[in-house]
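A.B. asks: Sequence:
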Amino acid sequence: MTHYMELLAQNQPWNLILFMAIPVILAETVAITELYILFSRQFHGGVRKINRSASIVGGVYFCGVFVYLMATAVIPLTTSGGWRGAADVIAVGFYLSGIVPLLGLALLDLGLIGKGRTEEGKLKLHATFVAIFLVVAHVAMIFGMLDPSLLMQQVAPAVHDMGNMPGMNH
Numbered sequence: 001m002t003h004y005m006e007l008l009a010q011n012q013p014w015n016l017i018l019f020m021a022i023p024v025i026l027a028e029t030v031a032i033t034e035l036y037i038l039f040s041r042q043f044h045g046g047v048r049k050i051n052r053s054a055s056i057v058g059g060v061y062f063c064g065v066f067v068y069l070m071a072t073a074v075i076p077l078t079t080s081g082g083w084r085g086a087a088d089v090i091a092v093g094f095y096l097s098g099i100v101p102l103l104g105l106a107l108l109d110l111g112l113i114g115k116g117r118t119e120e121g122k123l124k125l126h127a128t129f130v131a132i133f134l135v136v137a138h139v140a141m142i143f144g145m146l147d148p149s150l151l152m153q154q155v156a157p158a159v160h161d162m163g164n165m166p167g168m169n170h
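Start counting the sequence shown at 1; every next residue gets the next number (the numbering used here).
None of these hints come from the bench; they were simulated from the model. Errors might be hidden in some of the hints.
Only pairs whose alpha carbons sit at most 25 Å apart, straight line, appear in this in silico DSS-like list of lysine-lysine [said to hold, decoys possible]:
| id | residue 1 | residue 2 |
| --- | --- | --- |
| 1 | Lys49 | Lys115 |
| 2 | Lys49 | Lys124 |
| 3 | Lys49 | Lys122 |
When you get a sec, could you build the whole thing from the sequences and use the hints?
C.D. replies: Set out below in structure tokens:
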């Protein structure tokens with residue numbers, strides 16, 4: 001099991017809630033409200049307030065998750081050589097890279113970045129951050145569910161043994 005899945009499986013249900021449910025619920029709230037805003041072009045109102053609040057809370061919350069996991073998991077695993085192969089590193093790395101789009105959303109909605117953009121320009125940047133988050137979160141989940149030993153096997157010997165394949169005359 002990858003460290004990503006082990007983290008979610010331990011201390012049930014709290015780790016699942018703290019490290020998966022809260023960030024994902026906030027990000028999905030942003031994504032759903034984002035679609036409404038994109039299609040309706042209503043840049044103000046209740047849906048935009050929900051969108052903005054979820055963006056800010058999600059970005060700030062994930063900053064805490066990022067700092068906590070760097071200190072308690074990534075640095076200790078790296079210094080002790082405790083990683084369980086490439087799938088493990090990819091899962092944790094992509095999960096933590098979610099800080100970039102989530103913090104970007106928070107900074108944008110706090111007015112700290114994108115100041116010179118029009119409402120539509122801000123919306124495009126906002127939607128881009130949402131898309132980036134969805135990609136990195138799904139890569140993390142896919143590699144997190146993978147058996148880490150699968151990416152630890154050597155592929156090279158099988159490639160060099162092509163002469164023994166039926167129908168291959170060399």
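A.B. asks: Quick one: which hint numbers does this structure break? Sort them smallest to largest.
C.D. replies: Nothing - there is no hint that the structure violates, so all of them hold.
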